[in-house]
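Here the structure of chain Z is known, so what remains is to put chain U in place on it, guided by the hints.
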Amino acid sequence: MSGTFAVLVARDLRLAARRRVDIVLPIAFFTVAVSLFPLGVGPEPQILRQIAPGVVWVAALLAAMLSVTQLYAADHADGSLEQMLLVPGARIPVALAKAVSHWLLTGLPLVVAAPVFGLLFDMTPAAIASLVAGLVLGTPVLSLLGGLGEALTLGLRSGAVLLILIIVPLCIPAIIFGAGAVAAAESGLSARGHYSLLGALLIFTAVLAPMATAAALRIATE
Amino acid sequence: MAGDQAADAKTPADAVLSVQALECRRGDRVLFAPISFAVGAGAIVWIRGANGQGKTTLLRTLAGLSAPTAGEVVWTGAPEIAPRPLYLAHANALKEDLTVAESLRFLLHLAGQHVDGRVVEAALERFGMASRKDAFVRTLSQGQRRRVALARLAAQRELLPWLLDEPFDALDAAGVELLAGVIAEHARRGGAVVLTSHLSLPIEEPAPAIVELHAPAFA
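Quick mapping for you: the protein sequence lines, in order, are chains Z and U.
Each position in the first sequence, counted from 1, maps to that position plus 2 in my numbering.
Each position in the second sequence, counted from 1, maps to that position plus 386 in my numbering.
If you're looking for bench data, these hints aren't it; they were derived computationally from the structure.
C-beta atoms are modelled at their ideal positions from N, C-alpha and C, and glycine is treated no differently.
Take these hints with a grain of salt, some might be off.
As the list claims (entries may be wrong) - Below, in silico cross-link-like pairs of lysine to any residue (SDA-like), each with a Cα-Cα straight-line distance of 25 Å or less:
#, chain 1, residue 1, chain 2, residue 2
1, U, LYS519, U, HIS476
2, U, LYS519, Z, LEU15
3, U, LYS519, Z, ALA115
4, U, LYS519, Z, GLU84
5, U, LYS519, Z, ILE29
6, U, LYS519, Z, SER198
7, U, LYS519, Z, PRO175
8, U, LYS519, Z, ILE174
9, U, LYS519, U, GLU482
10, U, LYS519, U, LEU484
11, U, LYS519, U, ARG504
12, U, LYS519, Z, ALA217
13, U, LYS519, Z, ALA18
14, U, LYS519, Z, ALA12
15, U, LYS519, Z, ALA79
16, U, LYS519, Z, ARG20
17, U, LYS519, Z, ARG21
18, U, LYS519, Z, LEU27
19, U, LYS519, U, HIS500
20, U, LYS519, Z, ASP80
21, U, LYS519, Z, ALA8
22, U, LYS519, Z, ASP14
Claimed, not checked - Listing some non-contacts, in silico: residues in chain U with all C-beta distances to chain Z over 10 Å:
#, residue
23, VAL416
24, ASN437
25, LEU526
26, ASP555
27, ALA560
Unchecked claim - Anything over 10 Å on all C-beta distances counts as not near chain U; from chain Z, calculated:
#, residue
28, PRO45
29, GLN72
30, PRO127
31, ALA208
32, LEU210
Chain Z with its partners taken away, still in its complex shape (with noise of 0.2 Å):
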């Protein structure tokens, strides 16, 4: 039902803009984490260029599954997702819309600021093109397989913890490839078999993890 998945974005994105810091934080998060690199490893521009993309990707994944914990929770305990679950056929979309939306409110912002951490370590523009790709290619799988995992730890104690257990292995796939992207264009080579890689990952969860979200949700709340 795209009433539902429409309807629910939505009143996400009105709730998010009523809570500002809550879509401040992962970015700064990131910020945070990333710029913590440099300081640590030291300023050697030929070590910064080369773990730069792991850095951005490992950052963007943390932030990722820092934010995703209470994409059900709040919804869950306040008896909306009992309400959204109710209507006909509306696991799959519920599921859906959460992830677009947690993208939309997290991905989205990390894309638009990855150029500038390319930037701090000092990565050649073709490399800052590919990050960039790599990032929107790959972040809407983070957010997708969060919202799974945020789904199967709904209302259990030290749900967030186990979340990332669950989910980070899932993830690997992604950093494997959005990183690899970066280094075969940083090397002069072309990234077009990681972007496909990246693409085939991205459809094969947009289609899965959906599904498996809405399963885990309705054992959730029986």
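This is chain U only, laid out in the frame that chain Z set:
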């Protein structure tokens, strides 16, 4: 024998809902002895039972949120495309950071009811909340939140069956009277209502049928 209760259930010709030897569990515990009852169009059924006897679980099972352990729940009279019963849970399903009107409109849209501002306002008016329609939900008291959640009932035009879990909770005397009026009106128009309440129901016409939940007999 608990199973014999099924024989008592008379199924009216216009039944909207019929429940056959239904049994629910919470964890390992069977909540109540199997029950059977039918709800006709325009009938009010009042589920009674001690705390922890499974009133909420029963309503959730009727709404389709939980699966029954045994027995079956059959919604008749409604074709497959018809919307599900309207279930108002103990939780109000309101967001603190939305305004009263936004919250109500979201819940109505979610249920597939695309309404304009006038309908929302009229529904809030019915429950005495129209003056607070632009207030944030977080500024409301418990009773006011309950009124906003209940305003969904006043916005209904279709005769959906209602499942109400402790709808009178947190309401003041005027609110109780108001809600009783809305429920009775729905029933008189031919809508079915299943509700739980630990207060005695201030509804006389149509007289509510009582379904009592009993502890299960020992095996």
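Hint check:
no.: 1; hint: LYS519/U / HIS476/U; result: holds, 22 Å
no.: 2; hint: LYS519/U / LEU15/Z; result: holds, 21 Å
no.: 3; hint: LYS519/U / ALA115/Z; result: violated, 39 Å
no.: 4; hint: LYS519/U / GLU84/Z; result: holds, 24 Å
no.: 5; hint: LYS519/U / ILE29/Z; result: violated, 34 Å
no.: 6; hint: LYS519/U / SER198/Z; result: violated, 50 Å
no.: 7; hint: LYS519/U / PRO175/Z; result: violated, 49 Å
no.: 8; hint: LYS519/U / ILE174/Z; result: violated, 48 Å
no.: 9; hint: LYS519/U / GLU482/U; result: holds, 13 Å
no.: 10; hint: LYS519/U / LEU484/U; result: holds, 10 Å
no.: 11; hint: LYS519/U / ARG504/U; result: holds, 12 Å
no.: 12; hint: LYS519/U / ALA217/Z; result: violated, 36 Å
no.: 13; hint: LYS519/U / ALA18/Z; result: holds, 20 Å
no.: 14; hint: LYS519/U / ALA12/Z; result: holds, 19 Å
no.: 15; hint: LYS519/U / ALA79/Z; result: holds, 23 Å
no.: 16; hint: LYS519/U / ARG20/Z; result: holds, 17 Å
no.: 17; hint: LYS519/U / ARG21/Z; result: holds, 20 Å
no.: 18; hint: LYS519/U / LEU27/Z; result: violated, 31 Å
no.: 19; hint: LYS519/U / HIS500/U; result: holds, 18 Å
no.: 20; hint: LYS519/U / ASP80/Z; result: holds, 20 Å
no.: 21; hint: LYS519/U / ALA8/Z; result: holds, 23 Å
no.: 22; hint: LYS519/U / ASP14/Z; result: holds, 20 Å
no.: 23; hint: VAL416; result: holds, 16 Å
no.: 24; hint: ASN437; result: holds, 20 Å
no.: 25; hint: LEU526; result: holds, 13 Å
no.: 26; hint: ASP555; result: holds, 13 Å
no.: 27; hint: ALA560; result: holds, 25 Å
no.: 28; hint: PRO45; result: holds, 43 Å
no.: 29; hint: GLN72; result: holds, 13 Å
no.: 30; hint: PRO127; result: holds, 41 Å
no.: 31; hint: ALA208; result: holds, 23 Å
no.: 32; hint: LEU210; result: holds, 24 Å
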